[in-house]
Amino acid sequence: MTRTNGKISRLATLAVAVGLSAAAGYVAAQAQTTDAEKEIERYREMISDPMSNPGFLAVDRGERLWSEKRGKNNVSLETCDLGEGPGKLEGAYAKLPRYFKDADKVMEIEQRLLWCMEKIQALDTADVIKRRFASPGVDSDMEDLVAFIANKSSGRRIEPQSSHPKEAELTAIGEALFYRRAGVMDFSCATCHAEPGKRIRLQGLPDFSKPGKQAQETMGSWPTYRVSQSALRTMQHRMWDCMRQQRWPNPDYASDGITALVMFLNKQAAGGEITVPSIKR
Amino acid sequence: MNKTIFIAAAFALSATTAMAQNAPAADPAKVDAIIKDMFAKVSPEWQARTNLDETQRVCTDSRNQPNAQQAEAIQKRELATVVQPADGKFLGDWKKGFQVANTGTGGQFSDRPGGPIGANCFACHQMDPKELSYGTLGPSLAGYGKDRNYDPQVIKDTWTKVYNAQAVFACSNMPRFGSMKFLTEAQLKDVMAYLFDKESPVNK
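Top line first, the protein sequences correspond to chains A and B.
Just so we're aligned, residue 1 is where the first sequence starts under the working numbering, counting upward by one.
Just so we're aligned, residue 1 is where the second sequence starts under the working numbering, counting upward by one.
Worth flagging that the hints you see were computed from the coordinates, not collected in a lab.
If you're wondering where the values come from, they're calculated on a predicted model, not measured in any experiment.
Please note that the accuracy of each hint is not assured.
Unchecked claim - Cβ-Cβ distance ranges computed for the label pairs, FRET-style:
1. A:E118 / B:R57: 50 to 60 angstroms
2. B:S140 / A:R157: 36 to 46 angstroms
3. B:A25 / A:K88: 26 to 36 angstroms
4. A:E84 / B:K130: 22 to 32 angstroms
5. A:I129 / B:L137: 33 to 43 angstroms
Glycine included, each C-beta is placed from N, C-alpha and C at the ideal position.
Looking at chain A on its own, in the form it has when it is part of the complex (with noise of 0.2 angstroms):
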């Protein structure tokens, strides 16, 4: 694919922009609507168009990495199975976390890459952990990799996985991390996220203490490419950051509480349209 970086980065400057303009808008939204509106329903089709939206620069390099020989074994992962059927990517995001028999364990995807880069091609994953969030100049192959499958979900409903018993109890846990309080400032997940139409500062809160629109328009645009971090990001990330917000310690990166939390937040978000990689502030 052929696309000048001088076009991607006049976008991204201008996707700052828009969001910027469309923070400072929010509140004068109530009164004197439109012209924000108009530049954010621009801005919305704007990105809509996979050429404008840099985050599918992580979905090419994302198939380049799925497709490359790495690991002692030296194979790539095309055999890998997460959960459709060996080397099956078609829908297979659209049903993650869910449980896999070789590992006897629910998994969501980046713990089931990390599994097959170690069983499939015997690769040293340290390195992959170690650059897990892209920084500048540093990209992350987990997020190009996430960001390439989950695009062959874009379409497709979130289908949040429960005939399992390890998934129906994952879920549960889940849950009852949402509403976990804890930590210096005795903050949850429900702190911030389950009421309508709250924010903090000027940025709007989703709730996910209710199934429906707001969590699945949410976790429906996830991987998303972050403007304001110039990075595509994964749900690992967007947990990580919240984590960091709720003043709770830094989660250790694919474990399992995080896997719980999205089995919780998906089902929440059941039913949802993928559209990804999206782009946010």
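Dock chain B against the given chain A, drawing on the hints supplied.
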């Protein structure tokens, strides 16, 4: 006739409660194990932050809906932790109080050691009516002191509220800034002045 309707309504109610309770609840031991695993790599000091105190336990288990006895017990326990200012003065410097209310760092694993610590009241409350970037998790505090005629009793009660929100309202979503030792006494006084000083933009 009325009685039938009443019974039907009561039945419907208990049916919905029963249904909510029938949703498979998580085994508390497994929840604890998952949390332990999630934070296995952080320092013991950080791990300790995931332990629930008595109040957090009740608010977690009741999802912030404690029954009357639980609420009373929480407020009594939390009130006992409130310390009055040593010199009897509740109000400090409102300008410094603005910094306390406007600073969002402190207590996060990403914060640099020794960096600024603030309560980020603006995250949840409107305060200075001219400041547009405020959150709505809590009620507006614009004009707080002025609207209460700077009443000394209200000032005293608000000290208690900001020191420990749950001494006043069990399972409040507002942090317990004084009791958790999150803010210093001086910071508490300053943010109180931001609410109650006549010169503070909150009251303009």
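*Any hints from earlier that this structure breaks? Give me their numbers in increasing order, please.*
Of the numbered hints given earlier, those the structure breaks are 1 and 4, listed in rising order.
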